[in-house]
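Undergrad: Model the placement of chains P, W and A on the given structure of chain Y, informed by the hints.
There are 4 protein chains.
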Amino acid sequence: MIRVSVVGAQGRMGASVVEAVEAADDMELSAKVGEQDDIASITPENTDVAVEFTVPSASLNNVLALVAQGVDVVVGTTGWTDAKLAQVTQALDNGPRAGQAVFIAPNFAISAVLADYFAAKAAPYFTSAEVIELHHPDKVDAPSGTAIHTAQAIAAARAAAGGEPMPDGTQGEAASRGQVIDGVHVHAVRLQGLNAHEEVLLGNTGEQLVIRADSFERSSFMPGVLLAVRTLAGGGHAGLTVGLDAFLDL
Amino acid sequence: MIRVSVVGAQGRMGASVVEAVEAADDMELSAKVGEQDDIASITPENTDVAVEFTVPSASLNNVLALVAQGVDVVVGTTGWTDAKLAQVTQALDNGPRAGQAVFIAPNFAISAVLADYFAAKAAPYFTSAEVIELHHPDKVDAPSGTAIHTAQAIAAARAAAGGEPMPDGTQGEAASRGQVIDGVHVHAVRLQGLNAHEEVLLGNTGEQLVIRADSFERSSFMPGVLLAVRTLAGGGHAGLTVGLDAFLDL
Amino acid sequence: MIRVSVVGAQGRMGASVVEAVEAADDMELSAKVGEQDDIASITPENTDVAVEFTVPSASLNNVLALVAQGVDVVVGTTGWTDAKLAQVTQALDNGPRAGQAVFIAPNFAISAVLADYFAAKAAPYFTSAEVIELHHPDKVDAPSGTAIHTAQAIAAARAAAGGEPMPDGTQGEAASRGQVIDGVHVHAVRLQGLNAHEEVLLGNTGEQLVIRADSFERSSFMPGVLLAVRTLAGGGHAGLTVGLDAFLDL
Amino acid sequence: MIRVSVVGAQGRMGASVVEAVEAADDMELSAKVGEQDDIASITPENTDVAVEFTVPSASLNNVLALVAQGVDVVVGTTGWTDAKLAQVTQALDNGPRAGQAVFIAPNFAISAVLADYFAAKAAPYFTSAEVIELHHPDKVDAPSGTAIHTAQAIAAARAAAGGEPMPDGTQGEAASRGQVIDGVHVHAVRLQGLNAHEEVLLGNTGEQLVIRADSFERSSFMPGVLLAVRTLAGGGHAGLTVGLDAFLDL
Numbered sequence: 001m002i003r004v005s006v007v008g009a010q011g012r013m014g015a016s017v018v019e020a021v022e023a024a025d026d027m028e029l030s031a032k033v034g035e036q037d038d039i040a041s042i043t044p045e046n047t048d049v050a051v052e053f054t055v056p057s058a059s060l061n062n063v064l065a066l067v068a069q070g071v072d073v074v075v076g077t078t079g080w081t082d083a084k085l086a087q088v089t090q091a092l093d094n095g096p097r098a099g100q101a102v103f104i105a106p107n108f109a110i111s112a113v114l115a116d117y118f119a120a121k122a123a124p125y126f127t128s129a130e131v132i133e134l135h136h137p138d139k140v141d142a143p144s145g146t147a148i149h150t151a152q153a154i155a156a157a158r159a160a161a162g163g164e165p166m167p168d169g170t171q172g173e174a175a176s177r178g179q180v181i182d183g184v185h186v187h188a189v190r191l192q193g194l195n196a197h198e199e200v201l202l203g204n205t206g207e208q209l210v211i212r213a214d215s216f217e218r219s220s221f222m223p224g225v226l227l228a229v230r231t232l233a234g235g236g237h238a239g240l241t242v243g244l245d246a247f248l249d250l
Numbered sequence: 001m002i003r004v005s006v007v008g009a010q011g012r013m014g015a016s017v018v019e020a021v022e023a024a025d026d027m028e029l030s031a032k033v034g035e036q037d038d039i040a041s042i043t044p045e046n047t048d049v050a051v052e053f054t055v056p057s058a059s060l061n062n063v064l065a066l067v068a069q070g071v072d073v074v075v076g077t078t079g080w081t082d083a084k085l086a087q088v089t090q091a092l093d094n095g096p097r098a099g100q101a102v103f104i105a106p107n108f109a110i111s112a113v114l115a116d117y118f119a120a121k122a123a124p125y126f127t128s129a130e131v132i133e134l135h136h137p138d139k140v141d142a143p144s145g146t147a148i149h150t151a152q153a154i155a156a157a158r159a160a161a162g163g164e165p166m167p168d169g170t171q172g173e174a175a176s177r178g179q180v181i182d183g184v185h186v187h188a189v190r191l192q193g194l195n196a197h198e199e200v201l202l203g204n205t206g207e208q209l210v211i212r213a214d215s216f217e218r219s220s221f222m223p224g225v226l227l228a229v230r231t232l233a234g235g236g237h238a239g240l241t242v243g244l245d246a247f248l249d250l
Numbered sequence: 001m002i003r004v005s006v007v008g009a010q011g012r013m014g015a016s017v018v019e020a021v022e023a024a025d026d027m028e029l030s031a032k033v034g035e036q037d038d039i040a041s042i043t044p045e046n047t048d049v050a051v052e053f054t055v056p057s058a059s060l061n062n063v064l065a066l067v068a069q070g071v072d073v074v075v076g077t078t079g080w081t082d083a084k085l086a087q088v089t090q091a092l093d094n095g096p097r098a099g100q101a102v103f104i105a106p107n108f109a110i111s112a113v114l115a116d117y118f119a120a121k122a123a124p125y126f127t128s129a130e131v132i133e134l135h136h137p138d139k140v141d142a143p144s145g146t147a148i149h150t151a152q153a154i155a156a157a158r159a160a161a162g163g164e165p166m167p168d169g170t171q172g173e174a175a176s177r178g179q180v181i182d183g184v185h186v187h188a189v190r191l192q193g194l195n196a197h198e199e200v201l202l203g204n205t206g207e208q209l210v211i212r213a214d215s216f217e218r219s220s221f222m223p224g225v226l227l228a229v230r231t232l233a234g235g236g237h238a239g240l241t242v243g244l245d246a247f248l249d250l
Numbered sequence: 001m002i003r004v005s006v007v008g009a010q011g012r013m014g015a016s017v018v019e020a021v022e023a024a025d026d027m028e029l030s031a032k033v034g035e036q037d038d039i040a041s042i043t044p045e046n047t048d049v050a051v052e053f054t055v056p057s058a059s060l061n062n063v064l065a066l067v068a069q070g071v072d073v074v075v076g077t078t079g080w081t082d083a084k085l086a087q088v089t090q091a092l093d094n095g096p097r098a099g100q101a102v103f104i105a106p107n108f109a110i111s112a113v114l115a116d117y118f119a120a121k122a123a124p125y126f127t128s129a130e131v132i133e134l135h136h137p138d139k140v141d142a143p144s145g146t147a148i149h150t151a152q153a154i155a156a157a158r159a160a161a162g163g164e165p166m167p168d169g170t171q172g173e174a175a176s177r178g179q180v181i182d183g184v185h186v187h188a189v190r191l192q193g194l195n196a197h198e199e200v201l202l203g204n205t206g207e208q209l210v211i212r213a214d215s216f217e218r219s220s221f222m223p224g225v226l227l228a229v230r231t232l233a234g235g236g237h238a239g240l241t242v243g244l245d246a247f248l249d250l
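Protein chains in written order, with UniProt numbering: chain Y, 1 to 250; chain P, 1 to 250; chain W, 1 to 250; chain A, 1 to 250.
Among the clues, some could well be false.
[As the list claims (entries may be wrong)] Selected chain W positions facing chain A (in silico; Cβ < 7 Å):
| # | residue |
| --- | --- |
| 1 | 142 |
| 2 | 145 |
| 3 | 149 |
| 4 | 152 |
| 5 | 187 |
| 6 | 191 |
| 7 | 195 |
| 8 | 208 |
[Claimed, not checked] Keeping only pairs whose Cα atoms sit at most 20 Å apart, straight-line, the calculated DMTMM-like set for lysine to aspartate or glutamate is:
| # | chain 1 | residue 1 | chain 2 | residue 2 |
| --- | --- | --- | --- | --- |
| 9 | Y | 139 | P | 35 |
| 10 | Y | 139 | Y | 22 |
| 11 | A | 32 | A | 45 |
| 12 | W | 139 | A | 168 |
| 13 | P | 32 | P | 22 |
| 14 | A | 139 | W | 173 |
Read the hints as simulated data drawn from the structure, not as lab findings. It should be emphasised that the depicted structure is a prediction, and the values quoted were computed from it without experimental measurement. Where a beta carbon is used, it is the ideal one built from N, C-alpha and C, also for glycine.
Bound conformation, chain Y alone:
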């Protein structure tokens, strides 16, 4: 049994992780740590992997504390910068245990991670590519971080393959054409009833490839979280890893 502790257990995501761990046949919940609790209670003696889902302002310190105690960590909190990641890498180098691992994922939905990965793989073979992301209307940022990443990945893959700019005969101002990120048009829809969705359209003369990821609810992140926990518990991923695609056999 993999012993899992959850940091941020009172938050919406943390509570979902607690449920998912309790429902998994190969895991047992070791500790639920909230704001009031001492993170130092999580140690290699009681925990194989800690899952951290808190807020950007708290996450770095949580991760550094867990690493200092020798605990492997799966991190779902967002807001990581290169500077913060460097601190984690340094902490891992100085950790008390050999082979310590931290895994950070901007998105744990397997469908979203695969859509992003497949879009970049396909991009060099198509004349055109655009990204449409669709979310609930409470979302404050547009486009989503995932859509920005997808657009950048498409642009990078096309550039690496020596591709030409995409054709676009639009004349004059055209707000309807969306936001252009590294040459890729990105559109954001906000619709009551939706949760988090992304669609990538790739076109050649006479053909189209559409890759769409739908995350209907929070539970959609749990298969990805459990996959990350199992992967760290299995060993062999020492150091810092970013992005769930690293743990998929692609």
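TA: Below, chains P, W and A without anything else, positioned relative to chain Y:
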């Protein structure tokens, strides 16, 4: 047999109409009139319905000439203003024959006409609605005229039903949110391989209605053109009619 | 304020109705009635509209009891036959109050009701039409009752318009072509993560119309339930009405 | 310039290849060979790569003849069996030139090839997967060969990853559930206006991944044909290669 003459027979759309008329069991082609030909050759003696597909600068004069000769007209050329339409109505009032009819459609694709109509019907029952139009990259305007019309129709239907503004928590600038037409967000995709497509998304808590029209090629307009020809030939539509939905049993 | 009582308040749907009524600005919850409670406690003195969401074996008796007491009823329970409906009509004729009303809907999701209605409206104008329904894998029947209804409505609309059979060159056995209902092919997908979805595809030469309804979760039925409650409370719908489309301005 | 000869130049696909070669900046058309012509006129002196698009009954002999003359071949004709492929391999072993190459693809649409490949890559990470293929109504077989291949590839990938059977609570007969190929449900839609389309749905709790390939017209195969011609002309692919994915950087 309905005797049909085609004005603009050398253009791409006109040539398609010629083909469609020749293929229809209940029609026969009476005359093909191009730029060099005299439109006065089209008369009630040889023609039941004329189909006019030319350019905006020529269309009004063509229609007025045909009406003056007593010929019913189906018009596919775009660029009609209220002033031009008023001239057609006046010409019809003064026409040589009782019950003369002119029919003008901005879009002959039945799928597009129905999508536009259904979207407006559904709009009052949903919290959110957005429009995505997708076209080949050679298109110079964005968004499409059809998408503008759909957005306006959605907005009008919601206003008539006393609806509230749509929720949108987006903060700051967000070019990805598209162009806002009467409060409805409209997005335009330009993709190699596509022709002319429109998708309307309507959302309530927990549910979504999607209405999508795909026009894969020019031939998609022909069923609508033939439907209009048959309707005029059947009589009972004296005067000026605009929009194919008027001829559908909705 | 519309005073609403909920019969079957402990069930999943009933509990959702209780929540939705409590959240509505123009309604107040009068009574929650479960299996152990006496339905006779619901009277015109405390209730404007009762909402009944129980099981097919109990629903008829509940509705007859409520009608006998002079209470208007919105019914979400399924399993209604012509014989049962006739009993409700007779009870309404003999009810203690003039203008009493019962409303029964096989489906309260507005998107699904509109998709079904639009599909039938559009059907006469297209050469081909097929239905794909998609549900969670726990569903025991296939295809869904809604998909059967949609296929029948498409077939009836085509027949009324004198349409020809749809073209289909498939040779030999072809289980992949789905179930044929009144000449309309119906396909059922069962996929983990989905809830209740239906897509109608209509095709002509060169064009396609797609109408899709997504019900992501149980809450998707509540706008339809509240719409029915408000419509009955507004009066003018005496007698038995079946189907939410009767209450939409279509 | 790559010198290309086309065998089957009078057929629909062959004629499209002729057009595509003539339009390509880096190719020149060397010879067009039809039924009446002598295939022996194609030699390494005038041709770098021959493209063969004929009929299953003629293709093997054409390929063997070209190989015997030392010409590399891209084959688009279908109907290849293991026995036929073995004859090609043997011919290549005995060919007059070192490094001779034959490339055979069941499908040259890049979108379809990628959809098939991505579906198999993703399959092990999802609880459910189903395939929907959609074609014009003149198609005589159902499901399509591509859909069968996709279903088999999904099943193989799941089996290799030790996956469990997909959940399906359907009780009783259910023709609407489609054809089951290696445990994967496959649905075939036949709709006027469509050409060749395939959609793969993959589902987990709370999420869905959709991969869709649209081939709108015959021209959609040409980018794949030219890619294969360029790859053979570039050398390094001696022997027999089957499937366009072998020439994509995946």
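Undergrad: Next, verify each hint and record whether it holds.
TA: Against the structure, the hints:
1. 142: Holds, about 4 Å.
2. 145: violated (12 Å)
3. 149: Constraint on residue 149 of chain W not satisfied, violated at 14 Å.
4. 152: violated (14 Å)
5. 187: Status holds, d = 4 Å.
6. 191: OK, holds: residue 191 of chain W within 7 Å of chain A, min 4 Å.
7. 195: violated (10 Å)
8. 208: Holds, about 5 Å.
9. Y:139 <-> P:35: violated (56 Å)
10. Y:139 <-> Y:22: Given pair residue 139 of chain Y, residue 22 of chain Y is violated - Cα atoms ~30 Å apart, limit 20 Å.
11. A:32 <-> A:45: The hint holds at about 15 Å.
12. W:139 <-> A:168: holds (8 Å)
13. P:32 <-> P:22: Status holds; Cα separation ~12 Å.
14. A:139 <-> W:173: holds (14 Å)
Violated hints, in rising order: 2, 3, 4, 7, 9, 10; the structure is consistent with all others.
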